[in-house]
Amino acid sequence: MLVRVHLYGPFRSTVAERSFDLPDGARVSDLRAAFARVEMNHPLLARSRFATEEGVLQENERLASGMILAVIAPVSGG
Amino acid sequence: MTSATFLNVRNAETEPLDASEALAFVSDRANGAAFVFCGQVRCSTGDEPRVSAITYDIFTPLFIRVVGAISREARLSLGLNLRIYVVHASGRVEAGQNAVVIAVGAPHRREAFDACRYLIDEVKKRAPVWKLEHFEDGPEKWADGETIQP
Chain A
3 MLVRVHLYGP
13 FRSTVAERSF
23 DLPDGARVSD
33 LRAAFARVEM
43 NHPLLARSRF
53 ATEEGVLQEN
63 ERLASGMILA
73 VIAPVSGG
Chain B
221 MTSATFLNVR
231 NAETEPLDAS
241 EALAFVSDRA
251 NGAAFVFCGQ
261 VRCSTGDEPR
271 VSAITYDIFT
281 PLFIRVVGAI
291 SREARLSLGL
301 NLRIYVVHAS
311 GRVEAGQNAV
321 VIAVGAPHRR
331 EAFDACRYLI
341 DEVKKRAPVW
351 KLEHFEDGPE
361 KWADGETIQP
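From first to last, the protein sequence lines stand for chains A and B. Going by the numbering used here, the first sequence wraps up at 80, each residue one higher than the last. Going by the numbering used here, the second sequence wraps up at 370, each residue one higher than the last.
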């Protein structure tokens, strides 16, 4: 199944989005592993979370085909 | 969200954040206090390199949802009749300019102070916002941050 991840802040360098083809039933932790391979273990990934427009996801949450997510690097608002 | 809440992300390069707009929104004849907080871009602290500007990147849909939840928490804790205004800048903000404006209107000053403090403290921990710092000398860099709290 295909999921899309929007990139923000420190993750948005040359591209604004990445797509991942994951096995059916994949969880957020599987996406994290796939993301680490593409981003060459980005130094901020371990302190980052994945989220949808509705909220931050837990690592064991299942993903669905066609989901659009964002990778949330450590935040620094205000 | 009730009509007593205004939340937004605004491109500061074309529409600078306006504290007087915030004050006007939270002011109400039923309230005895209106408190406005402006978070501004600081050029330097001590021996750190001088910052000339910050570019803000924001995941806007999640920002609105998270700040909406924070606003509801403030109301449940401090009063359902609070009027709340939160606008965060996106894009480039020069040193000395507003990056975030938060305002609260309340019947009494304590609720206005406390709600405003709660809002800015929680926004800094929970809102999906990132800062690219531009320096007078040297390359730009993303500011260190904290892992987002759900």
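Source of the hints: derived by calculation from the structure; they are not laboratory data. Virtual Cβ for every residue (Gly too), placed ideally from N, Cα, C. Hints should not be assumed to be uniformly reliable.
[Said to hold, decoys possible] To spell it out: a stretch of chain B is covered by chain A in this simulated footprint if at least three of its residues, at any positions, have a beta carbon under 8 Å from a beta carbon of chain A; those stretches are: (1) 240-246; (2) 272-284; (3) 335-345.
Hints, verified against the model:
{"no.": "1", "hint": "240-246", "in the structure": "violated (count 0)"}
{"no.": "2", "hint": "272-284", "in the structure": "holds (count 6)"}
{"no.": "3", "hint": "335-345", "in the structure": "holds (count 4)"}
The structure fails hint 1 only (numbered hints given earlier).
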